[in-house]
Structure formats: C-alpha cells, structure tokens
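K.L.:
Here are the chains, one letter per residue:
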Amino acid sequence: MNQKAVTGLSLAGGLSLTGLFVLIIRRDLVLAIRRRADVLTTLIFFIIVVTLFPLGVGPELNMLRTMAPGTLWVAALLASMLSLGRLFSADYLDGTLEQMMLVPQSLSALVLGKMVAHWMVSGLPLVLIAPVLGLQFDMPAQALWMLILTLLLGTPILSMIGAIGAALTLGLRGGGVLVSLLVLPLCIPVLVFGAGAVEAVTSGINPAAHLSLLGALLLLALVFTPWVTAMALRISME
Amino acid sequence: MNWSEFFSMKGYGLYVWGSYGMVMLVFIIEIAMVRHRRTLIVRRLRQMRDAAPNV
Amino acid sequence: MLAINWFKYSAPSTFYGAAGKMIPWFAASSVLLFILGLYLGFFVAPSDVQQSEAYRIMFIHVPVSILSMFIYLIMAGYAALGLIFNTRLSAMMANALAPTGALFAFLSLWTGALWGKPMWGAWWVWDARLTSELILLFLYLGFIALHASIDDPRRADRASALLAIIGSVNVPIIYFSVQWWNTLHQGATIKLTGTTMHVAMQQSLLVMFLACWLYVITMALLRVRSIILERERNNQWVMELTEMKP
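Residue numbers (this note's numbering), protein chains in the order written: chain A, 7 to 244; chain B, 256 to 310; chain C, 30 to 275.
Hint data in this document are derived by calculation from the structure and do not stem from the laboratory.
Hints are not guaranteed to be accurate.
[What the hints assert, rightly or not] When the alpha-carbon atoms are kept at most 25 Å apart in a straight line, the in silico SDA-like pairs for lysine to any residue are as follows:
| no. | chain 1 | residue 1 | chain 2 | residue 2 |
| --- | --- | --- | --- | --- |
| 1 | B | Lys265 | C | Ala142 |
| 2 | B | Lys265 | C | Leu67 |
| 3 | C | Lys146 | B | Met264 |
| 4 | C | Lys146 | B | Glu260 |
Let the hints inform the model, and build the full structure from the sequences given.
P.N.:
See below:
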C-alpha cells in the first residue's frame, strides 16, 4: 500500500461524503492501473469464453445469431465474477480495510466507491469490447447498440451484488468459487432481462419493458447493496 | 383389488413409484444422517467427560 | 412451535429439553398423517381423466414444492431474528432447517421431472416453476456452503443469516423474472390447479402437506438438538445432561 494512498485516508476525517467517495474511487483506480494485468485478465477471459462458443457449436451463422445475446451475457456474468475476489481481499490482507472501517463517514459510501472503482476496472471494459465480439456472432447493428446499453445497465448490478458476496466470503479459503455460488443465483434476473432485451430487438419486439426492469434493478441495487455490503463487512471483520 | 394392477398404476408405475420411492429414500437417509450426527456428538461429549472429569 | 414464554425457551438449555419432549409427538403424528394421506391419495381419490394414474405424483410433488419455498422463508425469518436479537438459538434453528429445505427442493425437482415425463414427454422441461425451484436449490446450497466454509460459528451464523435474508428478498424477483422469461419463449404452461379437483384429492393434498410439515419440524428439532450439543459442549449443563445417559 503506497504512502500516498494511506495518507489520503488519514485526511479522510475532514472530508465530505462525496470527497471520500471520489478519494476511494481514485485510490482504487490508481492501484488497479498499477497492476494492469488484473484488468486485462478479466477482459481476456471474457474474449476467450465468447470465442469458445462458435468452436463448440459450429460456425453456422443463423445458429450463432440466435445464441449471441445469451452467450455474450453469460460470458459477461462469469467475467465479472472472476475479479470479485480482489475487491476487498488486498485491503483485508494488509489491514487497510480495518482502517477504512474506522472512517467517520458512512461505510456505505466508502463501499459504494469501491464498487464503482471495481465496475470501472472490470465492467466497463466488457461493455466496450462486447460489440466487437458481437460481430463475431454476426449480430445486426441495432442489436449491438442494445447489447452495449444492456451491459452498461447490467454490469454495475453484477459488481454491486458481487460486492456483497465478496464481503461475506472475506478471507475464506476457496473464496473465489464460493462467491460465484452465492452471487450467480442472485444475478439471474439481470441475465434474463439483459439478454432478453437484446433478443427482443433482434426479433423486432420493443425492448422498453426489459430495459425499464433492468433500470429498476439497477436503482434497487444502488440503494440497498452498499448498506448490505457494509453490514456484511462488519460481520466479517468482527 | 389385486396388487399387481395396483403397482402397475396403469402403466405409470415407474413414474409414481419412482417419485414416492425417492421421497422415502431421502427421508430414510436424512433420518440416518441426523441420528449419526447425534451419536457422534454424544460420543465426543463422553470422551470429553472421561478425559477431564470436572472435579 | 410457538413457545409460551418466548424468551424463556430461547435459552438453548431449556429449549434442548423442550424439543426433546416434543419430537416424539411430531414424529408420531407425521407418520400417521402420511399413512392417512397416502391412503386418501391412492385408494379414495379417483383416477384423473387425462393422465389416469400419473397425476397421483401431485400428492407428494405439490406439498414438497410449497414446503421447499416455505422453509426458505422460515429460515430467513430465523436468520433475521438471530441478527436482530442476537439470540444464538435462532441461528441454530436456521442451520437446522437448511439441509431439510435443500432436500425438499431436490425432491420437488425429482418428483416434478418424473411427473413431467408422462405429461410433457421430457424428463426436464424449462417450465417456470421447475426452473425457479432449481434456483431455490442453488440458494440453499449457497447458504449451506457459506456456513460450512466459515470456521468461527458466530461469524458463520451471522454471514449466512445475511445471505438468507438477501436470498429471501430476491426469491420473488427471481420467480417473476423466470416467469417472464418463460412466457416469452414458450407461452403459459397448462395450469393444473385450475381444474376442479375432486374433494378426496384436496383432502389428500392437505393431509400430505401437514404430514410433510410435521416431518420438517421433527427433522429440524432433531438436528437443532445436535447443533446445541455441538455449540454448548463446554458448558456445564451439557455435562450433567449426558451424565444421566449411561
């Protein structure tokens, strides 16, 4: 943990809520950029998983086009599970997490900051690369736009629900797999509405319903997950 | 009311008795597991008691 | 299981004795009701017009499915109690219910598949209810896995309690989204409960439901007694207890 980040924390006392929020995001992004490999592993994993499907199913374009939304969404789901382990574990191991929990501001804001930072590192790259992969599946243009939109709405939810799982399984052996077991069932609605929206566009139905439900899930997650993750952290750090 | 007709369930015997059989099997296994867990803990408590009889 | 004086019975030691006395009653009545329910289901209820005998799987499939969902909600309730009032016994009850609930979810899938084969012609059909039941099984396994992988019992209880509460909030969302996903792709499946059921069928369903419920209570009480012994092994009252037994 470099000196600058630690001192940043010690000044947290006088910071406003949003000040702390921005500080945490900047700190996590600085740390993530320093270890660029972690960012790329999530991205490369996503690309590999998506390219595996045509190899398994066969190059026939009609089949691929119908499979595309589901495949891309499931791959995005798995990729975001991959990097959850690192959300709290680095800070937990070197004790920074304990200091963070003593910050006078609300722990939820701090946790939300970490979630946003994690999303920027793992979720956003997926959103940017997904259309390129969509071309592999010969997806029509408006389906690609819908894919970007649904992933933009969906991946933050995955990061937020994933943060709960990461907080609950802090410092456990075999935590990586356990997080996925806990979090994946909870992410199913996001998958259903996300992939459903893209598929609706390709088959000409109006995807407004899917998108509004996805948006509703996003708002629900924004409101509840920071608080629940803070509680989970308190339970794990007792 | 002969038994063979009863068990055949007009051809659906496999499905009906497959379901009820599995339910009974699971119940028996669960009961066995719970009792096993109990004997384990009671035996362990006895060992603790014999090892350090509280004076 | 509504104890008269709630907090008196919430102490593990008193609850241990009380549960011990209650178990034989629950067990006996469960067995009796099972016999009655099966008799009603197989000998009194007439054969169905479309599926002749296969529909009799309903008498076990419906109670087991309802209970698998019901147990999860009770588990989340006990978990919430454990978190709010910090009563260890509530957390123990939640852990005692989880395996039985998971087994019921599995049984619901098994009987559902065996019933689906003659009705829909395939062992597994992505029907909304079966799919939601499968996800419910995953939630149970997540709860059990989380609790098993944390060594410190206190943290294990509280962490899995929080997961149970999050799970119970998500269950309706999951059910809705799977229903939505299913009707989009397949159209509404036939609704069995809609057809007017013969009175003997309804009686059998009710009796089987009560029998299964009593079975769950018996299993939960049996398992919670073992959990209490495991957790309280260093306490004095436990030593005196097993003292009595030869």
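K.L.:
Are the hints correct? Go through all of them and say.
P.N.:
Hint-by-hint comparison with the structure:
Restraint check for Lys265/B and Ala142/C: the C-alpha separation of about 19 Å stays at or below 25 Å, so the hint holds. About 18 Å separates the Cα atoms of Lys265/B and Leu67/C, which keeps this hinted pair within 25 Å; it holds. Straight-line distance between C-alpha atoms of Lys146/C and Met264/B comes to about 15 Å, which keeps the hinted pair within the 25 Å bound. As the CA atoms of Lys146/C and Glu260/B are separated by approximately 21 Å, the hinted pair is consistent with the 25 Å bound.
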